[in-house]
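*Asks:* Sequence:
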Amino acid sequence: MLKGHRTWVFANKPAIIATAAVGGPFEANGRLAEDFDLLHEDLWLGEESYEKAHRVLMEEAAFQAMEKAGLEKENVQFLIAGDLINQMTPTSFAARTLGMPYLGVFGACSTSMEGLALSAFITNYGGADYILTGASSHNAAVEKQFRYPTEYGGQKPPTAQWTVTGAGVAIVSPKGDGPRVTAATIGRVVDMGLADPFNMGGAMAPAAVDTIEAHLRDMQIDASYYDLIVTGDLGRIGRQVSLDLLRQHGIDIDEERYQDCGLLIYRDGQPVLSGASGAACSAVVIYGHLLRRMRRGELKRILAVATGALLSPLSFQQNETIPCIAHAVAIEYGGEA
186 MLKGHRTWVF ANKPAIIATA AVGGPFEANG RLAEDFDLLH EDLWLGEESY
236 EKAHRVLMEE AAFQAMEKAG LEKENVQFLI AGDLINQMTP TSFAARTLGM
286 PYLGVFGACS TSMEGLALSA FITNYGGADY ILTGASSHNA AVEKQFRYPT
336 EYGGQKPPTA QWTVTGAGVA IVSPKGDGPR VTAATIGRVV DMGLADPFNM
386 GGAMAPAAVD TIEAHLRDMQ IDASYYDLIV TGDLGRIGRQ VSLDLLRQHG
436 IDIDEERYQD CGLLIYRDGQ PVLSGASGAA CSAVVIYGHL LRRMRRGELK
486 RILAVATGAL LSPLSFQQNE TIPCIAHAVA IEYGGEA
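Following my numbering, the numbering of the sequence shown begins with 186 at its first residue and continues without gaps.
Just to be clear, a hint being listed does not mean it is correct.
[As the list claims (entries may be wrong)] The list that follows gives simulated cross-link-like pairs (lysine-lysine, DSS-like), each with its CA atoms no further than 27 angstroms apart:
no.: 1; residue 1: K237; residue 2: K485
no.: 2; residue 1: K360; residue 2: K258
no.: 3; residue 1: K329; residue 2: K237
no.: 4; residue 1: K360; residue 2: K237
no.: 5; residue 1: K360; residue 2: K329
no.: 6; residue 1: K341; residue 2: K360
no.: 7; residue 1: K198; residue 2: K237
no.: 8; residue 1: K198; residue 2: K188
no.: 9; residue 1: K198; residue 2: K253
no.: 10; residue 1: K360; residue 2: K188
[Said to hold, decoys possible] Computed beta-carbon distance windows for the label pairs:
no.: 11; residue 1: Y287; residue 2: E232; range: 34 to 42 angstroms
no.: 12; residue 1: Y287; residue 2: P498; range: 43 to 51 angstroms
no.: 13; residue 1: E232; residue 2: P456; range: 19 to 27 angstroms
no.: 14; residue 1: I406; residue 2: E233; range: 17 to 25 angstroms
no.: 15; residue 1: G311; residue 2: P210; range: 23 to 31 angstroms
Rather than coming from a laboratory, the hints here were simulated on the basis of the structure.
Cβ atoms here follow ideal geometry from the backbone N, Cα and C, with glycine treated the same way.
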């Protein structure tokens, strides 16, 4: 059901029956290492290129989640997933391995919640029994495409962020045990004129605020309704900008209940500058860490707001500014969820 201008409310509350998170060596040294199902010792994953390693991350996460759910790939009606690399080849090639009917989606680093929103919509209305959805990124592959190869050793400003190597997926079903998807607010493109590819957090912050504000308005609730509102990868700078904007818009939000996946995943002292980023950032933190907290009863209601910068290397070279987007998904577990 559409509520307000851009929020879907799911009467049947589709369940997230299984999740999986896979990471690389940097994530293995991070704060959330114990919340990964599988961690790799190097970036190559036994492959001959970073892009092929990227594909493997998605395949491994998918098989881990299906094993937890007790499903074979033939049982899954649709795969809805994406990544940041040209034409989403890592995800598309993983879909070739998985052999599932495939809907590739691109929302940059907002892809994880874009996929979850679509999966919940489809399952809520009887369009599938099981959908596997997720997002992935690979530090070396993404750096090579959007900035400089890591071997180049280019210096970065303090506003830059570290791309997560990993994949996070969920299996969504109309019924079953697990956290429930209760609503989703679809973002709109917001461009405030920023053009610096090393300040993604600052560019994406207004889009996050726009979507959070729309969600609260459409649902006619206060921010305090949620135990946690978590953004995708705004980092330190973007989180502070978004907090300032929320307050300017009259939204009173408790800073302890307003977190960012890009600030949760790594330890203090890891050289991530402003924080983490990448399509896998929100995917592995939400599916690997936060939903485990929900299952332990530590959180009952969260609003996951994945943020994305919709630029490309070509658009940057043509002096375009950075259009951004954020998609929000409400997840509840326990109580009335």
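*Asks:* CA of K360 to CA of K237, is that 27 angstroms or under?
*Replies:* Answer violated: K360 to K237 is near 35 angstroms, above 27 angstroms.
*Asks:* Check the following: the C-beta atoms of Y287 and E232 are separated by a distance inside 34 to 42 angstroms.
*Replies:* This hint is violated: roughly 21 angstroms between Cβ atoms.
*Asks:* Against the 27 angstroms threshold, does the CA-CA distance of K198 and K188 hold or violate the hint?
*Replies:* This hinted pair holds, its Cα atoms lying about 15 angstroms apart.
*Asks:* Just to be sure I understand the hint, the distance between the Cβ atoms of Y287 and P498 should be within 43 to 51 angstroms; is that true here?
*Replies:* violated (25 angstroms)
*Asks:* Hinted pair, alpha-carbon criterion (27 angstroms max): K360, K258. Please report holds or violated.
*Replies:* Satisfied, since the Cα-Cα distance of roughly 18 angstroms is no more than 27 angstroms.
*Asks:* Holds or violated: 17 to 25 angstroms for the Cβ distance of I406 and E233?
*Replies:* This hint is violated: roughly 50 angstroms between Cβ atoms.
*Asks:* Next pair to validate is K198 with K253; report whether the Cα-Cα distance is within 27 angstroms.
*Replies:* holds (21 angstroms)
*Asks:* In this structure, is the beta-carbon distance linking E232 and P456 contained in 19 to 27 angstroms?
*Replies:* holds (25 angstroms)
*Asks:* For a C-alpha distance cap of 27 angstroms, please report whether K360 and K188 respect it.
*Replies:* Given pair K360, K188 holds - Cα atoms ~23 angstroms apart, limit 27 angstroms.
*Asks:* Between K237 and K485, does the CA-CA distance stay at or below 27 angstroms?
*Replies:* Outside the cut-off at roughly 38 angstroms; violated.
*Asks:* Against the 27 angstroms threshold, does the CA-CA distance of K198 and K237 hold or violate the hint?
*Replies:* Violated - the C-alpha atoms of K237 and K198 are around 36 angstroms apart, more than 27 angstroms.
*Asks:* Checking one constraint from the list: CA of K341 to CA of K360, max 27 angstroms. Satisfied?
*Replies:* violated (47 angstroms)
Checked against the numbered hints given earlier, this structure breaks hints 1, 4, 5, 6, 7, 11, 12, 14 and 15; the rest are met.
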